[in-house]
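Q: Residues per chain, in single letters:
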Amino acid sequence: MNSALMPSVWRFVILVALQLLLLLQISQSAGTYFNILIYPLFIFFLPLRLATPYAILLGFACGMAVDFGYSSPGVHASAAAFSAFARSFIFGFFEPKGGFSGKENVFSPAYFGWAVFLQVLAAFLMLHLFWYFSVAEFTYVYFSTILLKTLAAWVLTMIFAVFYTLLFNPKR
Amino acid sequence: MIKLLQVLLRNGGLLTFVVVEIICFFIVVQFNERQGAIFSYSTGLWGGNLLQQRRKVADYFSLQEQVDSLAAENARLQEILANRRMMQVPYRDTFYSVLYDSISHIDSIRRRATRPEFHFIAAKVVGNTVNNTNNWLILNRGSDDGVKADFGVVSAQGVGGIVRHVTPKFSMVMSPLHPESRISAKVKKYGAFGSLIWEGGDPERMTLKFIPRHFNISVGDTILTSGLSSMFPSDHPVGTVVEAGEVDPENPYFWRLLIKPSQDMTTISHVYIVDNLFKTEIDSLILKTPGNE
Numbered sequence: 121m122n123s124a125l126m127p128s129v130w131r132f133v134i135l136v137a138l139q140l141l142l143l144l145q146i147s148q149s150a151g152t153y154f155n156i157l158i159y160p161l162f163i164f165f166l167p168l169r170l171a172t173p174y175a176i177l178l179g180f181a182c183g184m185a186v187d188f189g190y191s192s193p194g195v196h197a198s199a200a201a202f203s204a205f206a207r208s209f210i211f212g213f214f215e216p217k218g219g220f221s222g223k224e225n226v227f228s229p230a231y232f233g234w235a236v237f238l239q240v241l242a243a244f245l246m247l248h249l250f251w252y253f254s255v256a257e258f259t260y261v262y263f264s265t266i267l268l269k270t271l272a273a274w275v276l277t278m279i280f281a282v283f284y285t286l287l288f289n290p291k292r
Numbered sequence: 008m009i010k011l012l013q014v015l016l017r018n019g020g021l022l023t024f025v026v027v028e029i030i031c032f033f034i035v036v037q038f039n040e041r042q043g044a045i046f047s048y049s050t051g052l053w054g055g056n057l058l059q060q061r062r063k064v065a066d067y068f069s070l071q072e073q074v075d076s077l078a079a080e081n082a083r084l085q086e087i088l089a090n091r092r093m094m095q096v097p098y099r100d101t102f103y104s105v106l107y108d109s110i111s112h113i114d115s116i117r118r119r120a121t122r123p124e125f126h127f128i129a130a131k132v133v134g135n136t137v138n139n140t141n142n143w144l145i146l147n148r149g150s151d152d153g154v155k156a157d158f159g160v161v162s163a164q165g166v167g168g169i170v171r172h173v174t175p176k177f178s179m180v181m182s183p184l185h186p187e188s189r190i191s192a193k194v195k196k197y198g199a200f201g202s203l204i205w206e207g208g209d210p211e212r213m214t215l216k217f218i219p220r221h222f223n224i225s226v227g228d229t230i231l232t233s234g235l236s237s238m239f240p241s242d243h244p245v246g247t248v249v250e251a252g253e254v255d256p257e258n259p260y261f262w263r264l265l266i267k268p269s270q271d272m273t274t275i276s277h278v279y280i281v282d283n284l285f286k287t288e289i290d291s292l293i294l295k296t297p298g299n300e
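One line per chain: the protein sequences are H and F, in this order. My numbering applies: residue 121 is where the first sequence begins, and numbers increase by one. My numbering applies: residue 8 is where the second sequence begins, and numbers increase by one.
One chain only, chain H, in its complex shape (with noise of 0.2 Å):
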């Protein structure tokens, strides 16, 4: 297998595994609005040259991986493959002036600082949720609930986000 893919390989079973045992466990007994979603950090942390496509195939993956334990197919999938395809854009516009020197691995504040990797990834968690809670309720009749759910899973799936970018500090 490349190796530069190895470290991804390794995020996608920790995420997912602790995504499955431990944070659904907590928001299952905390309530319906305590939802940290911190596999979308797999996809976050793909490497910058991979190309869309494998991107969005990958974040597919995952979702489903984690939609076994979720018990609901297709819906963390769904919500993965279209922040996998977002994460280009948003990555494009958060481009250095000069473009991506080529020495960038991953999306992270080794490279890029931790001012630009916040912002680039409070917006990518901000469309992951809002994309997930509208495919898991289903309807705009909804749409102030899917709103209310997506910012608090926002909040607490950042700081969650934090720590372990702070624990890992991800550079491949």
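What the hints contain is simulated information worked out from the structure, not anything from laboratory work. Cβ coordinates follow ideal geometry from the N, Cα and C atoms, glycine included. The reader is advised that the hints may include incorrect statements.
Unchecked claim - Below, a sample of chain F positions facing chain H; criterion: calculated Cβ distance under 8 Å:
| id | residue |
| --- | --- |
| 1 | Gly19 |
| 2 | Val27 |
| 3 | Glu28 |
| 4 | Phe38 |
| 5 | Asn39 |
| 6 | Gln42 |
Unchecked claim - A short, non-exhaustive set of chain H residues, derived as facing chain F with CB atoms under 8 Å:
| id | residue |
| --- | --- |
| 7 | Thr172 |
| 8 | Ser192 |
| 9 | Phe205 |
| 10 | Ser208 |
Claimed, not checked - Residues of chain F placed beyond 10 Å of chain H at every Cβ, according to the derived structure:
| id | residue |
| --- | --- |
| 11 | Val64 |
| 12 | Ile87 |
| 13 | Glu187 |
Chain F: place on chain H using the hints.
A: Structure of chain F alone, referenced to chain H:
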């Protein structure tokens, strides 16, 4: 499958995204109870709405046809109603009732007891005046439709006038708001009949004359056609009493009652021309009687 994957990867993110999302959508709808239920409900709703819109458009184009058929149906029902009122006569009277029941298989009597008296022709008002001294209506039915002079005209709400002149396609109707109009009407409460006329001015006020003063008429009493004039079936609505208690200055033995007609002549549109099937016979009978020529 491999080829499909290659096509997707070669054609960039958007296509892959769309295809993956379509797959996700199917999985979500197929394997999640909640989303599946919402989806099938929504598609049912959209399908129903679509059908309803199509029906609305189709209905719009057949609107005239529907109006015509409803008017014809109304005419038929009015006819049945008017004839039913006439047929009630033998039932009301004990003697006739017994007679009718006991000899019901004798056809000539049954025919007489149940014979229809009126035929209704549905028509539309195409001309109308209410502000002149002499007011007229024009209807879109004429001699081609069997309309003749002296036929009565009624609407579902009330009385519409009397046919005076006929052309093949149209007929001229003397409105009740015409000084020469005389409509035989009765007070429902007593059955006492008089003559309904219009004394000019307010199209919302008519006058009922020749109701004898021993009848205690009060405001709100219902006025119906009497059925005595051969132009109108009996018991068709005419109006309600709005002013009672005034003695007729020309004839002190009778009341002069102010009536609000139940059919507003300013808004009359769909009417029925009443063809009394025995009018000729009745008229010839009247003419035979000395002093009535």
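Q: All hints are to be evaluated individually against the structure, with a verdict given for each.
A: These are the hints, each one checked on the structure:
Hint on F:Gly19 holds. Least Cβ distance to chain H is approximately 7 Å, under the 8 Å limit. With 8 Å as the threshold, the beta carbon of F:Val27 comes within range of chain H, its nearest partner Cβ sitting at about 4 Å, so the hint holds. Nearest Cβ of chain H to the Cβ of F:Glu28: about 6 Å, under the 8 Å cut. The hint holds. Interface hint at F:Phe38: satisfied, since its Cβ lies 4 Å from the closest Cβ of chain H, which is below the 8 Å cut-off.
The closest approach between the C-beta of F:Asn39 and any C-beta of chain H is roughly 6 Å, which is under the 8 Å cut-off, so the hint is satisfied. At about 4 Å, the closest approach between the beta carbon of F:Gln42 and any beta carbon in chain H falls short of 8 Å, and the interface hint on this residue holds. Annotation: interface hint on H:Thr172 holds; nearest CB of chain F at approximately 3 Å, less than 8 Å. Look at H:Ser192: its Cβ gets to within about 6 Å of chain F, closer than 8 Å, so that hint holds up.
The beta carbon of H:Phe205 is positioned within 8 Å of a beta carbon in chain F (closest approach about 4 Å), and the interface hint is therefore held. For H:Ser208, the shortest C-beta to C-beta distance to chain F is roughly 6 Å, which falls under 8 Å, so the interface hint holds. Non-interface status of F:Val64 relative to chain H is upheld: no Cβ of that chain comes within 10 Å, the nearest being about 28 Å off. F:Ile87, annotated as away from the interface, keeps every beta carbon of chain H farther than 10 Å; the closest lies near 50 Å.
The claim that F:Glu187 lies off the interface holds: its Cβ sits roughly 67 Å from the closest Cβ of chain H, which is beyond the 10 Å cut-off.
Consistency with the previously given hints is maintained throughout, with no hint failing.
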